[in-house]
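*Asks:* For reference, the chains in residue letters:
Number of protein chains: 2
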Amino acid sequence: VTAAKECLGIVGVGLIGGSIGLAARRNGRYGPILGVDRDPAVLERAKARGCIDDADELPAVAQHADVIVICTPVDQIASHVLTAARYCRPTALLTDTGSTKVAVVEAVEKELADERWFVGGHPLAGSEKRGPENARADLFDGRVTVLTPTPNTERRASDRAEYFWTLLGSRVGFMSPDEHDRTVALTSHLPHVVAAALAGMLDPAQNGFAASGFRDTTRLAAGDPELWTAILMQNRRPVLRQLDKFQFRLKEFLAALDQSDAATIRRLLTEAKGVRDDLGS
Amino acid sequence: VTAAKECLGIVGVGLIGGSIGLAARRNGRYGPILGVDRDPAVLERAKARGCIDDADELPAVAQHADVIVICTPVDQIASHVLTAARYCRPTALLTDTGSTKVAVVEAVEKELADERWFVGGHPLAGSEKRGPENARADLFDGRVTVLTPTPNTERRASDRAEYFWTLLGSRVGFMSPDEHDRTVALTSHLPHVVAAALAGMLDPAQNGFAASGFRDTTRLAAGDPELWTAILMQNRRPVLRQLDKFQFRLKEFLAALDQSDAATIRRLLTEAKGVRDDLGS
Chain B
24 VTAAKECLGI VGVGLIGGSI GLAARRNGRY GPILGVDRDP AVLERAKARG
74 CIDDADELPA VAQHADVIVI CTPVDQIASH VLTAARYCRP TALLTDTGST
124 KVAVVEAVEK ELADERWFVG GHPLAGSEKR GPENARADLF DGRVTVLTPT
174 PNTERRASDR AEYFWTLLGS RVGFMSPDEH DRTVALTSHL PHVVAAALAG
224 MLDPAQNGFA ASGFRDTTRL AAGDPELWTA ILMQNRRPVL RQLDKFQFRL
274 KEFLAALDQS DAATIRRLLT EAKGVRDDLG S
Chain E
24 VTAAKECLGI VGVGLIGGSI GLAARRNGRY GPILGVDRDP AVLERAKARG
74 CIDDADELPA VAQHADVIVI CTPVDQIASH VLTAARYCRP TALLTDTGST
124 KVAVVEAVEK ELADERWFVG GHPLAGSEKR GPENARADLF DGRVTVLTPT
174 PNTERRASDR AEYFWTLLGS RVGFMSPDEH DRTVALTSHL PHVVAAALAG
224 MLDPAQNGFA ASGFRDTTRL AAGDPELWTA ILMQNRRPVL RQLDKFQFRL
274 KEFLAALDQS DAATIRRLLT EAKGVRDDLG S
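Residue numbers (the working numbering), protein chains in the order written: chain B, 24 to 304; chain E, 24 to 304.
These aren't lab readings, by the way, just hints derived from the structure by calculation.
Glycine included, every Cβ here is placed at the ideal spot set by N, Cα and C.
Each hint should be verified, as a subset may be incorrect.
Pair ranges (Cβ atoms, derived) [said to hold, decoys possible]:
id, chain 1, residue 1, chain 2, residue 2, range
1, E, Gly165, B, Asp79, 46 to 52 angstroms
2, E, Gly73, B, Asp284, 37 to 43 angstroms
3, E, Ala64, B, Ala286, 23 to 29 angstroms
4, E, Gly231, B, Gln229, 33 to 39 angstroms
5, B, Gly165, E, Asp62, 48 to 54 angstroms
6, B, Phe271, E, Glu134, 39 to 45 angstroms
7, E, Glu177, B, Gly297, 52 to 58 angstroms
8, E, Asn50, B, Asp284, 39 to 45 angstroms
9, B, Gly51, E, Glu275, 46 to 52 angstroms
List of simulated lysine-lysine pairs, DSS-like, C-alpha gap at most 25 angstroms [what the hints assert, rightly or not]:
id, chain 1, residue 1, chain 2, residue 2
10, E, Lys268, B, Lys268
11, B, Lys274, E, Lys274
12, B, Lys28, B, Lys70
Given only the sequences and the hints, what does the whole structure look like? Please build it.
*Replies:* As structure tokens, this is what we get:
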């Protein structure tokens with residue numbers, strides 16, 4: 024039994040949107056795969072790479088698509104969801120890949136008619152690299168995608184989003200938008216700030232002395248400043264709380280070093296190693 | 024014209040010592056390669072891996088070796104150098120691979136007879152992995168090894184150490200012990216503390232939400248707590264200064280977020296990206 028293919032619309036065909044296209048094509052259940060992007064050059068590259076079959080404006084793509092995924096910067100997602108909702112069929116699934124969920128979901132739910140099927144999403148996969156030229160069909164394999172249905176979310180929308188991400192190779196977890204934002208404030212947004220603060224301290228004359236340790240610890244700092252400014256601004260309160268906690272941890276190291284307290288240094292390093300070893304490479 | 028092979032003694036045949044053995048064997052100019060380690064199982068694995076030809080006690084190895092490299096934890100290096108110096112020939116080169124240089128070089132120079140050839144060294148290469156089973160012949164290829172001669176260092180010792188590391192595939196830089204320790208406080212020791220402080224914040228229940236960004240930023244935290252306690256204790260003042268500066272940088276982010284100052288966030292992220300892009304992958 025072969026199910027009919029579903030038309031997939033991807034809005035924003037950068038690294039994430041492009042990888043969704045490649046993963047959907049690999050799965051074989053989706054076609055045609057249509058892309059929307061404000062940058063025609065990006066659409067060209069996405070098409071050349073095989074991430075999308077064709078490109079069009081958002082209203083035209085929304086009219087055709089069974090699944091519409093918004094992969095634009097977080098401060099533009101809600102407006103794209105609402106535009107797509109004006110043109111799409113009643114049974115189309117609307118979802119997104121934004122790194123913040125409270126601001127996105129609240130802005131969408133405030134305006135969205137009840138009969139539209141929207142569920143917020145966030146694949147915990149990515150790279151400091153950008154653009155469809157870095158897209159990979161296996162980007163989501165084995166990674167977690169968080170879906171953030173609310174009491175307003177139709178169960179069918181959430182089931183279809185779960186099915187969609189499973190077909191793309193991802194494991195799916197469910198959280199409230201608030202729980203999602205508090206979790207990624209620690210696991211993603213704080214590391215970004217830490218990496219940027221550390222990278223900013225290096226004098227280029229010292230580049231030769233920055234080996235793999237410095238490079239790993241600061242890799243996130245190569246991320247796009249525009250995208251990340253929007254993310255941090257949308258999740259500022261949870262990030263501020265994590266920054267406070269992080270500074271408290273640093274002060275423990277600082278106090279122990281200041282007092283030549285080797286036992287405490289050893290304990291702090293041992294605890295951290297336990298957590299990191301448990302996490303795996 | 025084939026020069027006679029030189030006998031190489033490696034004290035501490037873990038990741039660094041083992042890699043020195045493999046790189047020296049690859050070069051072909053050294054043999055036999057003799058290993059010393061307090062752990063007989065490590066010596067066995069180093070021999071099985073081809074890092075060393077044979078194992079013996081330090082006095083016996085020192086008597087035979089033309090070049091003796093001490094690769095033990097930083098708080099044991101000086102004592103191993105001084106033991107080796109008591110048994111080695113007058114023309115043998117004594118050097119080390121410790122991550123700190125002021126404490127090591129001062130402790131050695133205080134005791135070492137003038138006619139011995141010692142120069143401090145530190146290959147800026149490594150891994151959070153340990154042991155000769157993770158040793159690689161190419162670990163030093165293209166990486167910088169810092170040599171830290173002092174006014175007391177014989178020019179011939181420093182020239183021979185430079186030649187030795189060049190044969191192993193490394194680029195060689197020269198610094199005073201003090202300049203070395205201040206530099207690595209930023210490029211290596213601060214990132215270690217930062218990675219450990221961040222890793223320690225993760226609740227294991229959140230592991231599934233820690234993607235490549237968190238993993239990269241905290242990778243150093245998997246390093247050995249004993250080795251790193253000794254390193255941080257030996258370099259505590261420079262590390263404390265860098266921790267202070269780092270906290271100041273974090274506070275800039277914190278203040279900007281607290282005031283919803285997107286322009287400052289964007290500027291800080293853009294500056295950090297410039298430095299990180301310049302550094303390369």
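*Asks:* Is the Cα-Cα distance between lysine 274 of chain B and lysine 274 of chain E 25 angstroms or less?
*Replies:* Holds, at about 13 angstroms.
*Asks:* Is it true that the CA of lysine 28 of chain B sits at most 25 angstroms from the CA of lysine 70 of chain B?
*Replies:* holds (19 angstroms)
*Asks:* For the pair supplied as a hint, lysine 268 of chain E and lysine 268 of chain B, confirm whether the alpha-carbon distance does not exceed 25 angstroms.
*Replies:* holds (18 angstroms)
*Asks:* Just to be sure I understand the hint, the distance between the Cβ atoms of glycine 165 of chain B and aspartate 62 of chain E should be within 48 to 54 angstroms; is that true here?
*Replies:* Since glycine 165 of chain B and aspartate 62 of chain E have Cβ atoms about 37 angstroms apart, the given range 48 to 54 angstroms is violated.
*Asks:* Between the beta carbons of glycine 231 of chain E and glutamine 229 of chain B, is the distance compatible with 33 to 39 angstroms?
*Replies:* Taking Cβ atoms as reference, glycine 231 of chain E and glutamine 229 of chain B lie about 36 angstroms apart, which means the hint holds.
*Asks:* Given a hinted range of 46 to 52 angstroms, is it respected by the beta-carbon distance of glycine 165 of chain E and aspartate 79 of chain B?
*Replies:* At 48 angstroms between Cβs, range holds.
*Asks:* Does the beta carbon distance between glutamate 177 of chain E and glycine 297 of chain B stay inside 52 to 58 angstroms, or does it fall outside?
*Replies:* Given a distance of about 46 angstroms, which is not inside 52 to 58 angstroms, the answer is violated.
*Asks:* Return holds or violated for the Cβ distance of glycine 73 of chain E and aspartate 284 of chain B against the range 37 to 43 angstroms.
*Replies:* 42 angstroms Cβ-Cβ, so the 37 to 43 angstroms window holds.
*Asks:* Within 39 to 45 angstroms: is that where the Cβ-Cβ distance between phenylalanine 271 of chain B and glutamate 134 of chain E falls?
*Replies:* holds (42 angstroms)
*Asks:* The hint says 23 to 29 angstroms between alanine 64 of chain E and alanine 286 of chain B; measuring C-beta to C-beta, is that right?
*Replies:* Given range 23 to 29 angstroms: holds, Cβ gap about 28 angstroms.
*Asks:* That 39 to 45 angstroms hint for asparagine 50 of chain E and aspartate 284 of chain B (C-beta), does it hold up?
*Replies:* Once the Cβ atoms are compared, 43 angstroms apart, the range 39 to 45 angstroms for aspartate 284 of chain B and asparagine 50 of chain E holds.
*Asks:* Within 46 to 52 angstroms or not, the Cβ separation of glycine 51 of chain B and glutamate 275 of chain E?
*Replies:* holds (49 angstroms)
The earlier numbered hints that this structure contradicts are 5, 7.
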